[in-house]
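**Student:** Listed here are the chains, written in short residue letters.
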Amino acid sequence: MTEILQAIGGVPVTSTEKVVEAIDVDKWFGAHQVLKGVSLTVKRGEVVVIVGPSGSGKTTFIRCLNHLEKIRKGRILVNGQLIGYRERNGRLIEDSERNIARQRREIGMVFQRFNLFPHLTALGNIIEAPIQVRGIAKAEAIETARALLGRVGLAEKAESYPAQLSGGQQQRVAIARALAMRPSLMLFDEATSALDPEMIGEVLEVMKELAREGMTMIAVTHEMGFAREVADRVVMMDDGRIIEDTEPEQFFTAPRSERSKAFLARILH
Amino acid sequence: MRFDWGFFEHYLFEPSSVFLHGLWLTLCISVISQSIGTAIGIAGALGTQSRFRIIRAVVAFYTWLMRGTPLLVQIVFIYTGLAAANIFRFEDIDLGFAVIPGNIQAGIVALSLNEGAYMTEIVRAGILSVDHGQTEAAKSLGMTYLRLMRRIILPQAARVIIPPLGNEFNAMLKNTTLVSVIGVPELLLATNMQISATFRVFELLSVVALYYLALTTLWGFAQRAIDRRFGNPAQSLPPRESMADGLRRLLLPRHVR
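Here the protein sequences come in this chain order: A and B.
Residues in the first sequence are numbered from 1 upward in steps of one, following the working numbering.
Residues in the second sequence are numbered from 270 upward in steps of one, following the working numbering.
Hints in this document: simulated from the structure, not taken from any laboratory.
Here the structure is a predicted model, which is why all the values come from computation and not from measurement.
A virtual CB, placed ideally from N, CA and C, is assigned to each residue, including glycine.
Residues from chain B shown here face chain A by an in silico Cβ test under 7 Å; the list is partial:
# : residue
1 : G402
2 : E405
3 : A406
4 : S409
5 : M412
6 : I421
7 : P424
8 : Q425
In silico SDA-like links for lysine to any residue, alpha-carbon gap of 20 Å or less:
#  : chain 1 : residue 1 : chain 2 : residue 2
9  : A       : K138      : B       : R419
10 : A       : K36       : A       : P53
11 : A       : K70       : B       : T404
12 : A       : K73       : A       : F29
13 : A       : K70       : B       : S319
14 : B       : K443      : B       : T486
15 : A       : K70       : B       : H401
16 : A       : K70       : B       : R320
Starting from the given sequences, assemble the full structure and let the hints guide the process.
**Tutor:** Structure follows, in structure tokens:
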């Protein structure tokens with residue numbers, strides 16, 4: 001499994017050095033505040049792993065990055081563009097559906113439950129958005145999709161439907177589907193949590209390869225091996241706040257906060 | 270008066286041109302009204318999902334009104350009532366090759382509006398049956414609402430929509446008899462005209478009943494074939510072909526495909 005990104009013409013170019021800039025983000029579900037002033041900057045080519053106990057807001061946070069969740073306060077910029085909102089007299093107003101859709105093209109997302117389109121083949125899943133959203137010619141989209149499928153080790157499964165694929169295979173198709181849009185940022189929302197243990201490795205391999213090739217990535221995961229091996233930074237969230245943002249070596253050997261220590265003790269033993 | 274078998278057989282196997290024309294009208298009105306009703310149903314179902322309260326309220330009022338009043342009343346109201354109140358009068362439309370009389374237009378409008386209300390509920394149930402993750406995945410790929418509905422959600426909802434849609438069309442075939450009250454010479458009115466001329470009530474109503482049975486039975490076969498292909502929600506494997514391809518294969522002769 002090498003050079004996955006070659007299938008889409010190399011690492012997508014971004015105009016800014018800071019791919020993600022989240023500033024003081026607040027998010028509420030009803031009366032419950034799930035994000036409390038979260039700020040995070042991710043530079044081009046960086047791989048950031050977000051860890052933390054369940055309910056800490058890590059999944060909610062990355063869902064805010066492509067506006068699958070609305071925010072109450074703060075700013076989220078991806079490639080220098082305000083995501084999901086327009087600013088008018090210092091107040092945030094939700095942007096038009098068309099503009100939000102346009103911004104989402106640049107942000108790939110991989111879901112815990114894969115969410116492949118069951119009525120389309122693996123190939124159909126991958127070419128759908130490039131053709132419908134980017135307006136790419138069908139022949140070109142198919143060529144790219146076949147190349148991507150080959151790079152993630154599923155060249156023979158192009159005509160299979162999701163129901164005919166294993167969980168690991170489905171998740172690899174889902175990664176290829178997101179990459180086919182040539183995103184400048186990839187979000188992974190617990191991409192291996194719904195997989196049987198023997199299939200986690202094949203998906204992690206693809207994610208590691210993408211990281212090595214210079215893809216800008218934010219991954220919410222419980223896979224500490226992945227974090228240790230490829231992350232540039234590990235971000236620890238707890239109770240809606242970022243409580244630690246550091247290099248993996250530091251995080252795993254000498255975490256600063258007591259809560260990080262407790263979390264690591266629980267997860268590593 | 271004894272049942273006249275000879276008369277019965279004659280009208281059953283050698284139907285008059287008035288009767289055949291009535292059969293043709295029944296089929297046309299059913300297919301057109303079901304098609305328009307299904308289109309209204311899709312629009313209505315999307316309306317129930319709208320984030321604008323006013324649109325949701327309009328759709329709710331529409332389904333409440335159409336499902337809460339008798340179809341027969343709706344038909345007479347739309348054709349005779351609106352005209353009597355000088356609000357709207359259905360005029361004949363001349364297409365050059367054919368004239369569509371006002372009462373047929375009114376009948377189609379009434380049947381379509383009524384059917385649209387029921388289809389709204391059916392399509393809505395279909396849309397809600399699709400996992401929300403599908404919407405999120407489509408959004409994350411940059412699809413707008415209408416595109417993700419058309420390309421991702423509705424094709425999956427079709428499995429849940431198609432079986433009840435078949436039942437709706439079965440009902441529609443029979444509900445067309447109601448437009449006879451505004452003088453549309455469909456199958457029932459054509460029969461009634463012959464009854465007036467011959468006074469053979471029992472024989473002719475038996476004939477028309479058999480024709481309706483034949484129509485609904487044939488449709489039952491078609492429905493089973495369609496359900497097998499797309500409509501079985503318990504089926505875990507996806508269809509081998511797209512819905513459009515499948516319908517084309519079912520409906521069109523080989524050389525047209």
